[in-house]
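Enquirer: If you want the building blocks of each chain, they are given just below.
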Amino acid sequence: MQIVKREGASKKQIILIRLIAIIAAIVVSGIFIVFLGYNPVKVYLNMVSGALGSKIRFRSTLLEMVPLVITSLGILVAFKMKFWNIGGEGQILMGAFAATYIALYVEWIPKPLVIPVMFIVGFLAGGVWGLIPAFFKAKFGANETIMTLMLNYIATQWITYLQYGPWRDPSLKGFAKIANFPDHALLPKVFGIHIGFIISLVLVAFIWWFLKKTKRGFEIAVVGESVSTARYAGMDISRVIILTMLLSGGLCGITGVIQAAGVNKTLTMNVSSGYGFTAVITTYLSGLSAPRVLVVSFLFAILLQGGSYIQSALQIPQAAADVLQGMILFCALGSEFFVRYKVRFSKNNSISSEVK
Amino acid sequence: MNKTVYVEMKNICKTFGVIRANRNVNFSVYEGEIHGLLGENGAGKSTLVNMLSGIYKPDSGSIFIHGEQVNIHSPKHAIKLGIGMIHQHFKLVDVLTAAENILLGNGESVFISSKNKIKSIQDVMKKYGMEVDLDKKIMDMSVSEKQTVEILKVLYRGSKILILDEPTAVLTPQETDRLFEILKSLAKAGCAIIIITHKLNEILSVTDRVTVLRHGETVSTLETGKTNIRELTELMVGKPVSLSIEKVITEKGNLLLSVKGLTALGEHNVPVLDNVTFDLYEGEILGVAGVAGSGQKELCEAIAGLYPVEKGDILFKGENIVGYSPREIIKRGVSMSFIPEDRLGMGLVPSMDMIDNMLLKDYVNQPGITINRKPAKEKAERVTKRLDIQAPSIYTPIRKLSGGNIQKVLLGREIDANPHLLITAYPVRGLDIGASYNIYDLLKEQKQKGVGILYIGEDLDVLLELCDRIMVLCDGKVTGITDSENITKEDLGLMMAGETLSSIKRGM
Numbered sequence: 001m002q003i004v005k006r007e008g009a010s011k012k013q014i015i016l017i018r019l020i021a022i023i024a025a026i027v028v029s030g031i032f033i034v035f036l037g038y039n040p041v042k043v044y045l046n047m048v049s050g051a052l053g054s055k056i057r058f059r060s061t062l063l064e065m066v067p068l069v070i071t072s073l074g075i076l077v078a079f080k081m082k083f084w085n086i087g088g089e090g091q092i093l094m095g096a097f098a099a100t101y102i103a104l105y106v107e108w109i110p111k112p113l114v115i116p117v118m119f120i121v122g123f124l125a126g127g128v129w130g131l132i133p134a135f136f137k138a139k140f141g142a143n144e145t146i147m148t149l150m151l152n153y154i155a156t157q158w159i160t161y162l163q164y165g166p167w168r169d170p171s172l173k174g175f176a177k178i179a180n181f182p183d184h185a186l187l188p189k190v191f192g193i194h195i196g197f198i199i200s201l202v203l204v205a206f207i208w209w210f211l212k213k214t215k216r217g218f219e220i221a222v223v224g225e226s227v228s229t230a231r232y233a234g235m236d237i238s239r240v241i242i243l244t245m246l247l248s249g250g251l252c253g254i255t256g257v258i259q260a261a262g263v264n265k266t267l268t269m270n271v272s273s274g275y276g277f278t279a280v281i282t283t284y285l286s287g288l289s290a291p292r293v294l295v296v297s298f299l300f301a302i303l304l305q306g307g308s309y310i311q312s313a314l315q316i317p318q319a320a321a322d323v324l325q326g327m328i329l330f331c332a333l334g335s336e337f338f339v340r341y342k343v344r345f346s347k348n349n350s351i352s353s354e355v356k
Numbered sequence: 001m002n003k004t005v006y007v008e009m010k011n012i013c014k015t016f017g018v019i020r021a022n023r024n025v026n027f028s029v030y031e032g033e034i035h036g037l038l039g040e041n042g043a044g045k046s047t048l049v050n051m052l053s054g055i056y057k058p059d060s061g062s063i064f065i066h067g068e069q070v071n072i073h074s075p076k077h078a079i080k081l082g083i084g085m086i087h088q089h090f091k092l093v094d095v096l097t098a099a100e101n102i103l104l105g106n107g108e109s110v111f112i113s114s115k116n117k118i119k120s121i122q123d124v125m126k127k128y129g130m131e132v133d134l135d136k137k138i139m140d141m142s143v144s145e146k147q148t149v150e151i152l153k154v155l156y157r158g159s160k161i162l163i164l165d166e167p168t169a170v171l172t173p174q175e176t177d178r179l180f181e182i183l184k185s186l187a188k189a190g191c192a193i194i195i196i197t198h199k200l201n202e203i204l205s206v207t208d209r210v211t212v213l214r215h216g217e218t219v220s221t222l223e224t225g226k227t228n229i230r231e232l233t234e235l236m237v238g239k240p241v242s243l244s245i246e247k248v249i250t251e252k253g254n255l256l257l258s259v260k261g262l263t264a265l266g267e268h269n270v271p272v273l274d275n276v277t278f279d280l281y282e283g284e285i286l287g288v289a290g291v292a293g294s295g296q297k298e299l300c301e302a303i304a305g306l307y308p309v310e311k312g313d314i315l316f317k318g319e320n321i322v323g324y325s326p327r328e329i330i331k332r333g334v335s336m337s338f339i340p341e342d343r344l345g346m347g348l349v350p351s352m353d354m355i356d357n358m359l360l361k362d363y364v365n366q367p368g369i370t371i372n373r374k375p376a377k378e379k380a381e382r383v384t385k386r387l388d389i390q391a392p393s394i395y396t397p398i399r400k401l402s403g404g405n406i407q408k409v410l411l412g413r414e415i416d417a418n419p420h421l422l423i424t425a426y427p428v429r430g431l432d433i434g435a436s437y438n439i440y441d442l443l444k445e446q447k448q449k450g451v452g453i454l455y456i457g458e459d460l461d462v463l464l465e466l467c468d469r470i471m472v473l474c475d476g477k478v479t480g481i482t483d484s485e486n487i488t489k490e491d492l493g494l495m496m497a498g499e500t501l502s503s504i505k506r507g508m
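Sequence lines, in order, name chains A and B.
Here the first sequence is numbered in the working numbering, starting from 1 and rising by one per residue.
Here the second sequence is numbered in the working numbering, starting from 1 and rising by one per residue.
If you're looking for bench data, these hints aren't it; they were derived computationally from the structure.
Among these hints, one or two may not hold up.
Said to hold, decoys possible - Heads up, simulated DSSO-like pairs for lysine-lysine below, C-alpha to C-alpha not over 27 Å straight-line:
{"id": "1", "chain 1": "B", "residue 1": "K361", "chain 2": "A", "residue 2": "K213"}
{"id": "2", "chain 1": "B", "residue 1": "K331", "chain 2": "A", "residue 2": "K139"}
{"id": "3", "chain 1": "B", "residue 1": "K76", "chain 2": "A", "residue 2": "K342"}
{"id": "4", "chain 1": "B", "residue 1": "K361", "chain 2": "A", "residue 2": "K139"}
{"id": "5", "chain 1": "B", "residue 1": "K247", "chain 2": "B", "residue 2": "K505"}
{"id": "6", "chain 1": "A", "residue 1": "K213", "chain 2": "B", "residue 2": "K400"}
{"id": "7", "chain 1": "A", "residue 1": "K215", "chain 2": "A", "residue 2": "K137"}
{"id": "8", "chain 1": "B", "residue 1": "K126", "chain 2": "B", "residue 2": "K188"}
{"id": "9", "chain 1": "A", "residue 1": "K82", "chain 2": "A", "residue 2": "K215"}
{"id": "10", "chain 1": "A", "residue 1": "K82", "chain 2": "B", "residue 2": "K400"}
Stated by the list, open to error - Sample of chain B residues lacking proximity to chain A, with all beta carbon distances greater than 12 Å (derived):
{"id": "11", "residue": "F180"}
{"id": "12", "residue": "N201"}
{"id": "13", "residue": "D279"}
{"id": "14", "residue": "K377"}
{"id": "15", "residue": "K444"}
What the hints assert, rightly or not - To give an idea of the interface, some chain B residues facing chain A are shown, with a C-beta separation under 10 Å as derived from the structure:
{"id": "16", "residue": "D342"}
{"id": "17", "residue": "L344"}
{"id": "18", "residue": "L348"}
{"id": "19", "residue": "Q366"}
Yeah, the Cβ is synthetic: ideal placement off N, Cα and C, and Gly gets one too.
Please model the entire structure based on the sequences and the hints provided.
Expert: Structure (structure tokens):
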């Protein structure tokens, strides 16, 4: 057996490989479900109907999709520059933290302006959290992967500290929780879905335009491809890195604002709940294209929503649902290997026999 | 001819996707023969030897080693079969000695440098008449010494079939001669040697037979003694080619660039440019010769504002531009174009199409925050037409073009800006003959327009023919600047090795 690099796989081949991967995931997961003692067909149908089967379920799938889309866009901007931002979690939490401060502790802002101000400070706070590793990368060449990852822990502990310490709601005796947002700090709804959904669509269009049509977007792409070329072209690389990470972290910060003000109605650890990491996967699978982020995030939302539905509908334990999700992810990401390489089985002397 | 056939390749085919790198290639090498493999870039030379050394596997066709059909499935297997590859980029460990490097990777412990093993290396050296200081560390060695260690390493592993991939690219003419002597004595001792090169005079001086490849097919195998440069070129290119660069005579113009006492530091604060001083006039091509890594890259980058200058002045039309960033240089109207050695890593963005690559320096001058791609599209079309660039379309990613066309895109973009000073680093590296002559013509055309050109080159014949004056660099120092009319290749070689022009003249 031999592993050979595939030189320029055709579109047809790539689609076929991906299709096989998805089928493989469904089959392998099906076997797993059989071992658990359930009917796989029934479980799959339940997953789909759990995510799309009714208006309410469809709505919650869309709600699940919003944070994935916006966080993915943030990660995408950084990845385009080959800046491996895996600090989405921290940036989301810091954005939510800043917005919570406005919602709960700043009273002089006129009520209609509270939400816009929350978005602005949320963007900035997330941006600053992305800017810190960018600064150290630009000035000292620090490894951004480690730094963004570590900053996640600082943000997590900071929120925990606030929850148990200074921001604990004294009216809830004995229960450590930050107070709920007042009504004017909650996101308004359109067709039963908070406006975060519309914001996410606008942002997809904006990022697509930004990367394709603006000078900054061009600079990001050049820096991502080759720092030497960027230098040769006269670009200020430190500036590009820092501004890009402000945007990347800022977008994640906006996710934090939306999750706090639209879903959780307060600041808790659930605001991020893994979106920062899941978005790394969705961004990667989308091939760094903003419109495709939308599609991949939707499919992911179905997976997440359907997974949680079968927990309650069929009493499949949470862990088993997670295994299913993991299996599907494993196959989807694993298929990338086969896009780039092919495996060849050959016996001795098979080569000469091929001569016509 | 009753010589034993060591290597025989029959009807070899190999495709990569849609590219047919080798088509029915037939090729054989005898015992005691030096066999040249000649062809333009992309003719399939490397693919062919990579199949011998186990890196690729042929799609069809058969390989016989010592008369036995084999299916070489890995580089390890190739070594076992006695096939040794000497790559262009040496695979040696700098901090170890020659002996340690030779023993390394044979499954033997490096740390017990037993006398027996050293003795067996010395036996190999004696057998082939080679000389290497086995206790010397690789980092203290010159390029040619390192190459000898590579050859010795392969011989120690018992290889009788040696493949050398463009071995002379990094050598001075004198070092090349020494290498050829080694190769000849190896052949006499019964080795079969395959040497890949695109330098025709080297083929003529060292090989016994030569096989010419074109577009992946074997065109012909000839006895070297019965052929000449003209015939080989025609076989290689597929049509008659004029091989002389006619020098364009231009009036010497005004002083354009004056570099004074330029010093720059590299790693560990070792000077990579040491007190470099020269002048460049309008309408002149100043060639820079030197062994690779003598400071050519740093010199270009320092002038272009990409490498920090420690001391000295760079005067462009009287204005000192030391310390300016590339963007400041552009903004201040210093009309300079730099064509870097690393085309895809510095001059162009490989994944982007021609249009976006045209934008690389221009986008910043557009008004507003958005990019208007229309002028870049026009520029791409203009450059394509002017330089006759062969590309599926201007929307094709640059990396999918051939080397010659990639270089044309880069050169075309820079010429389109009508520079007064053109800095070109190895502009024909990796290009085939036709493409190279194309580039020379373009440079001459620029010279006629009054552009001052700094030409970093490696082929001394070309430097002598193309340039008005030649400056030689060795270890970052200028060893001499001379009119190209009054100097021989041998003297340039001596200067490349560190002798100064004045000491050579005195010796005469």
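Enquirer: Which constraints among the numbered hints does this structure fail? Numbers only, ascending.
Expert: none
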